[in-house]
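A.B. asks: Chains as they are written, first to last, in my numbering: chain A, 1 to 346; chain Z, 1 to 274; chain R, 1 to 342; chain Y, 1 to 648.
Wrong hints could be hidden among the right ones.
Going by beta-carbon spacing under 8 Å, a handful of chain A positions derived as facing chain R [what the hints assert, rightly or not]:
#	residue
1	37
2	41
3	126
Since the hints were derived computationally from the structure, they do not count as laboratory data.
From the three backbone atoms N, C-alpha and C, an ideal C-beta is built for every residue, glycine too.
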Amino acid sequence: MVNVEEIRDFAAGLLERGEVKSVLGFRHGSASAFAEPCTLTEADDAASLVWDPTCLNNLALYLVKDRKQQAASKTPDTRPVGIVAKGCDSRAVGVLLQENYFKREDVVVIGISCEGTGVVDPKKLSNKLKGRTASRVTFDGADGISVSVYGDETETVIPAREVLADRCLECRAAAPALNNVVFGDSVEARDYNEPFHAAKEAENVSEDERWATWEHHFDRCLRCFACRAVCPMCYCPECVVDSTTFVVTLGTSAKEKANRIRWCERSANTSESAVYHLTRAIHLAGRCIDCGECERVCPVNIPLRLLNTKLEKEAFEMFEYQAGHDIEQASLLSSFRDEDPNSFIR
Amino acid sequence: MTDNIYLPKIGRIVGIDEETQGARAIKTFKVEFPNSDGFEHNCGQCAMLSMFGKGESMISIASSPLVKEYKQFSIMKMGRVTSAFHAARVGDFIGIRGPYGNQFPLDDWKGRDLVFIGGGVGLAPIWPVIQTAVARREDFGKITVFYGARTSSNIMYEADFEKLKASVEVQLSVDAPEEGWPGYTGFVPANLMDKAPSPDNAIAITCGPPIMIKFVIQNLQALGFADEQIYTTIENKMKCGIGKCGRCNVGKDYVCVKGPVYSWAELKSLPQEY
Amino acid sequence: MEKILSQEKLREWVDTLDDCEVHAPAFADSVWNYARIEAGADIDLSHTNTIGSIKTFVFPQREVFFRFEKKDGVPLLTSTLPDPIPTVVFGVRPCDGRGMPRNDTVFNKEFEDPYYWARRDKLTLIGLACNQPHSPNCFCQSVGGSPHSEEGLDILMTDLGDRFHVKGITAKGVEIMERGRDAFDAVSDSDQADAGKIHETSRSYPQRPLGDLDAIPEALRENFDSPLWADMAQHCIGCGICTFLCPTCHCFDINDEVTSPTSGEGERVRTWDNCQFPDFTMHTSGHNPRGDLGSRLRQRVNHKFLYFVENHNTQQCTGCGRCITECPVGIDIVAVLERVSQ
Amino acid sequence: MTKRTGVFVCHCGKNIAATVDVKKVAQELAKDDGVVFSEDYVYMCSDPGQTAVIDAIKDNDLNGMVISCCSPTLHEKTFRDASELGDLNAFQCEIANIREQCAWVHKDMEVATEKALKITRASVRRVQHNQALEPIGVPVTRRALVVGGGIAGIQAALDLTDAGLDVVLVEKQATIGGNMLKLSETFPTLDCSQCILSPKMVSVSKNPKITLMTESEVESISGFVGNFKVKIKKKAAFVDPELCKLCDDCTPVCPVAVPNEYDVGLTNRRAIHIPFAQAIPASFTLDEEACLGLDPVVCGKCEEVCDVGAIDYDKKPTVTEEDVGAIVVATGFDLYGMEHMGEFGGGRYPDVLDGLQFERLCSASGATEGHIMRPSDHKVPKEIVFIQCSGSRDPENHCAYCSKICCMYTAKHATLYKHHVPDGQAYIFYIDIRSGGKGYEEFVQRSMENDGVIYLRGRVSRVYEKDGKLKVMGVDTLAGRNVEINADMVVLAQAMEPSKGTAEIAKILKIGRDKDGFLAEAHPKLKPVESVTAGIYLAGAAQGPKDIPETVSQAGAAASKVIALLSKDQLAHSPTVAKVRDPWCTGCEMCVDACPYDAIALVDGKASVNEVLCEGCGSCVGVCVRAAIDVKNVTQLQIHEMISAIMA
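Throw the hints in and build the complete structure from the sequences for me.
C.D. replies: Shown next, in the form of structure tokens:
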């Protein structure tokens, strides 16, 4: 079992010794039972760190944010950053390292093994509680999640498999392979779903039905861009499909601005949103590490993870490629093998 | 039914003057309303100009309200819409909504001295005030126009300046030494200090690059101008022009409606978020 | 006008609105949202709050202002002002109802927005009082509302278990009730008492306090330049959830969308925009008055609790709590106001 | 700048005009924004057509033009040259292909016209965003590298020196000569292979302009067309060829015997050996792998007996770097492994041979001195079965392609067999006979008529040994019956496949291979000897199955391409190269990994393109998720414009 005190001590130690400028972790949120991200800079604050099944966020996002801030700063603070990372989160760090976003020594990975469980899916939990809100969610043994309900403080223990996020049910690396330290046991056998279970299920539907489903989802998209904003891999300074982010520097000419391509319009209609989501999915092929954040944050519950895991599955089945597993490996998109069947450079 | 405030009127470009060259060139466009559905405007007001297919941009109206036949706009090539304007030819059609925003309280300034301080394309928003003041020359005391450009070839409205000299004091400057340049060499705020206009019963109106405005205001204060005697216009990104789209606010004010003209006294009371 | 409507007669009333578009909450994709009710379909009013607010009925995410094309070289503009059939929305929670007059203010002001009003004039809002808060993030009472506020609604329904207490508030609301008069029963004293009791109970649930509402503007003014903002926005990801779901956020963008690049035909389109997006205030030059997440969080909070108060003497927030519940990283406008007020 | 675009629509006689309403295309485009001139003409590429283009550029002050005609591979250069003559930058001219991509593939005129319009319109939109570009000048090294010392490499090297160029000829084996050296006679003339090859090999050895490096391999390459730097690794030269007197005192004392590759394993040789009597270079060589350890304590016998002291066990491999301007790759072929042909007893029965082994049996220099006998018992085979297409034309189990030469060499084998064993009977199982070539068909006919070779059209299902015979179970599809032959010997016409080293060299040189592993030509028709990398050319069977005359022709062609390339002082490199948009680049290095030409490197954390190395292939554009890299004149903006023009 993960002892949260050990995490706190470790984080406090890092900060005390000045080995990191900050530690990214989870603390109790003010709004509900769900934990929220925090950035600790003082050893004394480490006591606020928590570890429970509501530690959903992939904090690697904040490594990206820090890197962007330091790049923009006149006096960058380049000391390493500590990050509390689940198995999936550590793979995100791995991809960022593969893509040279920072160096290994810039980050101290405080790995946490999800052991036999994982984190809850707020939507599944909400369905379970018939729309009511949970006020407390904790681990209960190896395969249980204990939940208290808002307005009715009795505790219920729910089998983990019923409320765990799909990605956790399909997880193959519950313990972070990339780490400076790991808390919790590395549990090999996890008797939940096979990898890519949800994606395979979705494939079993006829093409027409699949199209109808996605048309329905793209039509509902609000284009709030939370899926992109929360994704640690979506660190591009300018998103190719969207006009809400773009790079204008003093050197950007009027011509460049005038010629800026609008691959998709601002209108949140089916076709424009399809372009947005499909382009994003393609750009994440071989990069997505299935932290499921895009799907989790979607306010209208578009099952975005399916798009990404589908491509992750293809990458795995066709090229045995797993993003973020080997930081020395060339990215999927940029590597080719001599025995690849199609002529590559013609 | 109410007027559709988002539906532009159709304007026609009847004249294009190339004011300055370069990457951020400035052109002045004279625009007529072929459907005789034009509008009246006041000094300092803006209009939302459209290039259909490219979008809209808020541009200050650079002609005097006394000129009824056309409206004049001086546009720097900056982005998508302005580039489209720069590619336009005489006879092309554009869209216009407006006029928007408040105005310079010219009527309140009767009998006072006027000091205009402009730099670069920042001359355009105060140009209608200068033109109107000159047209009503007897209403005002001494009128001085300070204007600075990077080089003499970057001076806007060059021909008009010649006419202006007949009735007002014109102080032109260029940033760097140039052979044969008869005027001041150096930055506008320095020229202002050099000539030191009197603050007594005077109003100073300035517009230009933000850094220039900052030093002009410092220097005006040093010359003894009170905050209420200093006027400027500000800009922010605008989409609707009518105080709804939510982006151009400085504090509680939407610049498109409450601005763009502010006295320094008013502007100081707003958050520094522009 | 006050009436009683038994649960089973709800359908009968709805059926009298066959010349209207009827919308009501529906649970789909694990979330409550408004959906068009086809004739004869049942309405489920057991909802918590919907994920999207009723602003979409008057301020859709995409609105075409006009189409443009070239005719003999001259631009020809065709306005696309909507002319909708009357629309009735059931199950509007009072917080959302209170959002509507605030939006009315914005789209009125100096310039009347014809697109907004074309829809607004045809819209009837039937509220449903909250018998209890739906989430720990409800704070309608802290911003001057209540679980049974009538503000902005045309009709307020109160769920009495087996029946609804239905109150016509505006003439428009009364007219809608009149159309279904056969479905309604008269209100008895005990019905009144039951409704009163439910309203009282619903008010008694604890809600997150905002302290002295009147003191907040001053606190915000004082803290304009505070480093708190950057700190509070430290984990903000700059997405659009808080504003897109908000019943009172109304910022928008206007763009030309070319449908035929060769002929230059296209549409001028209004879409929702969002003060949390980086380009929202960015000048063409690249200068951005609100270039960082801290200043953008400050803008959102100030707009609701300072500027709107200064301009219109009321908050532009109705305490629905969506922005708190749905924020992916736990940014909590109540906690923000608490910290600023300290 | 105001766009002044010209459009020229070509009829191509009736090639385009029969399917596309060319007049309408020209008229419609005249209405498009920025198009100031739009006309059609019957043959745009003809002299009057080009003159019209040049005049139109000048008369209308065009700053961009689109020729709507055939494929750019055909006439892009023609019209870009015309463009220059009209004082319009060549890169402001684009081709819209309305012939191959439209007229030829459609029938319905209305539809085809609409499509031609869209294709042309897309090009117009593209060209309106084209930049004027100038070719990049690159200095050249007037020296060539030939990889592979078979007949292809030998021919290319000799042709190159004839033009006065210096050549480095690299051969993996101890001698040059390649597979041709193993052949007995050659079809259809039956002249002796060695007799025609040996003089060429000697020419190579005597040619002062050729630096011959045997037992050597290309280790790495850098640089670019005109300026390659090639590292060549040469195995340790344990026997000094300068000192070796070819006395053959060493081999008798060598205790190690290994199969002789020159005899395709039919004989053995020693660890120290001369590959072949007429080997070039003429020297003994020591097989490092077979030798007992290069350690005098263990063996050292050959060194002891070598009077001239030519043997030195302490020699180390050497790596030299050569500067060359162009490369010819001629790495040849191997036969598809016999071990794959289990059903024919390949690799199992000693008397089931492959074609090259049979060549050695027929060859006077072979193990049997030209007498055909069974390897197992040295008996003369009286019934012999040849199986064609063994491992070829069998996409399910083996190679999908036709190996092209087997029909001919099998006919030759059967003929030679009959010449050696007049009372024997030869059978040939075939699918069909492909004997295209001068005198080829006649040769096959002769084998049937004069030599009584029995051709059986059909497949062999199985070959197995029974009672000292090889039982061949086949089918004669013409007679419609099963055939059983009790053969003494079976010869499999094995498929040709690229030689073992081809994959490696392709990887090192970054030239592509096709699906079968053969080296990929840049264009199957128009650039058959060019590889996809500028400055690297292909010759011989490494590019695809071919016989000796074809190989020699291709080698000559490759040599003449090199000669043409290196005849200039400076090379013009296409300026349509990749360009990084700095603010967007995050330095993820994906483009660096993806670039097949090593043209991109990170400089200060941002990708930076070496324009001389860049071939403008766009691989980097494809992998850059940040859209931070573009190929000039094929920018994202232009692609977007083209798509929107087509979708409109």
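A.B. asks: Hint by hint, note whether the structure agrees.
C.D. replies: Checked hints:
Taking 8 Å as the C-beta contact cut-off toward chain R, the hint placing residue 37 of chain A at the interface holds, the least distance being around 5 Å. This hint is violated: residue 41 of chain A has a C-beta 10 Å from the nearest C-beta of chain R, more than the 8 Å allowed. The beta carbon of residue 126 of chain A is positioned within 8 Å of a beta carbon in chain R (closest approach about 7 Å), and the interface hint is therefore held.
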